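Asks: Between the sequences and the hints, there should be enough to build the whole structure, so can you do that?
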Amino acid sequence: MKKAFTLIELLVVIAIIAILAAILFPVFAQAKTAAKRTAAISNNKQINLGIILYTSDYDDVYPRNDDCVLNSSLNPALNGAPAGTNPQTRCQTSAGSFAWRMNHFSWQKWVVPYIKSNEMFFHPAKPKFDAPAFIAGTNYYSTFGQINGSFAMNLAITGSLNTGDIPMATARVLRNSWIGGVQTAIPNVAATMLIMESTSPLTSVIPNGIRTSETGNFSLTVYPGVVREHMINDYYIHPGGPADCPGVVGNGRLDSTAIVSEGMTVGFADGHTKFEKIGSIIAKTPTIAEYAPGTSMRCGLASSNTTLADTLNLNIDYPFWGLGQ
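When the letters of the sequence shown are read in order and numbered with the numbering used here, they come out as residues 5 to 329.
Since the hints were derived computationally from the structure, they do not count as laboratory data.
Be careful, since some hints might not be right.
As the list claims (entries may be wrong) - Within a straight-line C-alpha distance of at most 20 Å, the following computed DMTMM-like cross-link-like pairs (lysine to aspartate or glutamate) qualify:
| # | residue 1 | residue 2 |
| --- | --- | --- |
| 1 | Lys281 | Glu266 |
| 2 | Lys40 | Glu266 |
| 3 | Lys281 | Asp259 |
| 4 | Lys130 | Glu280 |
| 5 | Lys49 | Glu280 |
| 6 | Lys40 | Glu123 |
| 7 | Lys130 | Glu266 |
| 8 | Lys49 | Asp61 |
| 9 | Lys49 | Asp70 |
| 10 | Lys132 | Asp259 |
| 11 | Lys40 | Asp259 |
| 12 | Lys36 | Glu266 |
| 13 | Lys49 | Asp238 |
| 14 | Lys288 | Glu266 |
| 15 | Lys281 | Asp238 |
Model, not experiment: these values are computed from the prediction.
Replies: And the structure:
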């Protein structure tokens, strides 16, 4: 007759299983996170190389046009309109949709011909965000077809236009990069960020900076719009909540809803891509005092434009942002 397990023996087995689970489950979770991080690096690299291929086709100039193209939405559900449909019906604020608009808020459309897959634009470790948009009853992905919260383009390097559906007398229509919006004008392409992960479900761009005295101009020059203090406020959770961030620099824990694995994938202007820890990225970003003394504190990074003080030090050595020699 076979001997049955005693209660003590069963408890020992259960305890061993529990110990093994406690050891192995975190390992499996870390492996899964690492795999997604590797996939994110691959996606970022494909996007980055797509932009470089674009510049090779357009005399070294980065994309920054503002157009309206029928059935061009990044969300396939918003396409399929018959030929002859007026594309402006989905390119205007008055229409309540920007699904067929082609500008910096949907910059991925410029890259599509070079990578052929919209899935590349989504971060594999983040949800496919569809946050409410600024027009009542609309959402960024399901209504506008914009892919936010995954990868973001550095607008200070490329420049941008806002000519699509606003009167030509409106301010900030032509936003010209201080380096001319061309790859060969970047002092150190191997160290300058072109594509980085977005921390907000509301945007897919790294903001450019505008001098206070130029904010009302039709045509203006844009500069790197990110300073260390704003970045820290964006990346870290404040112990006192949002109310304390205008006056102090964030000193809480990293916002895990926006930042994966305590770092980000970064695509550089020469085409290479790598994962960088948040501390490294922050260290490569100038402070207000170094770069734009007098710039106001912000609770985080702006959507597309940051207002800077008028006096900028463009000679400081922060090549991550295209600054220095």
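Asks: Against each hint, give a clear statement of whether it holds in the structure.
Replies: Hint check results:
1. The straight-line distance between the Cα atoms of Lys281 and Glu266 is roughly 6 Å, inside the 20 Å bound, and the hint therefore holds.
2. Taking the CA atoms of Lys40 and Glu266, the gap is near 13 Å; set against the 20 Å cutoff, the hint holds.
3. With a C-alpha separation of about 13 Å, the suggested pairing of Lys281 with Asp259 holds against the 20 Å cut-off.
4. A hinted pair counts as satisfied when its Cα atoms are at most 20 Å apart, and Lys130 with Glu280 qualifies at roughly 17 Å.
5. As the CA atoms of Lys49 and Glu280 are separated by approximately 14 Å, the hinted pair is consistent with the 20 Å bound.
6. For a cut-off of 20 Å, the pair hint linking Lys40 to Glu123 stands: about 14 Å separates their Cα positions.
7. Only pairs whose Cα atoms come within 20 Å are accepted, and Lys130 paired with Glu266 is accepted, the gap being roughly 14 Å.
8. A C-alpha spacing of about 18 Å is found between Lys49 and Asp61, which places the hinted pair at or below 20 Å, so the restraint holds.
9. Between the alpha carbons of Lys49 and Asp70 the distance comes to roughly 25 Å, so the proposed pair goes past 20 Å and is violated.
10. Restraint check for Lys132 and Asp259: satisfied, since their Cα atoms lie roughly 18 Å apart, inside the 20 Å limit.
11. Among the hinted pairs, Lys40 with Asp259 is consistent with the structure: their alpha-carbon atoms are about 18 Å apart, no more than 20 Å.
12. The suggested pairing of Lys36 with Glu266 holds, with an alpha-carbon distance near 15 Å, which does not exceed 20 Å.
13. The suggested pairing of Lys49 with Asp238 is violated, with an alpha-carbon distance near 24 Å, which exceeds 20 Å.
14. Restraint check: the Cα-Cα separation between Lys288 and Glu266 comes to about 16 Å, which is no more than 20 Å; the hinted pair holds.
15. Distance check on the hinted pair: Lys281 and Asp238 sit about 15 Å apart at the alpha-carbon level, within 20 Å; holds.
When held up to the earlier numbered hints, the structure conflicts with 9, 13 and fits the remainder.
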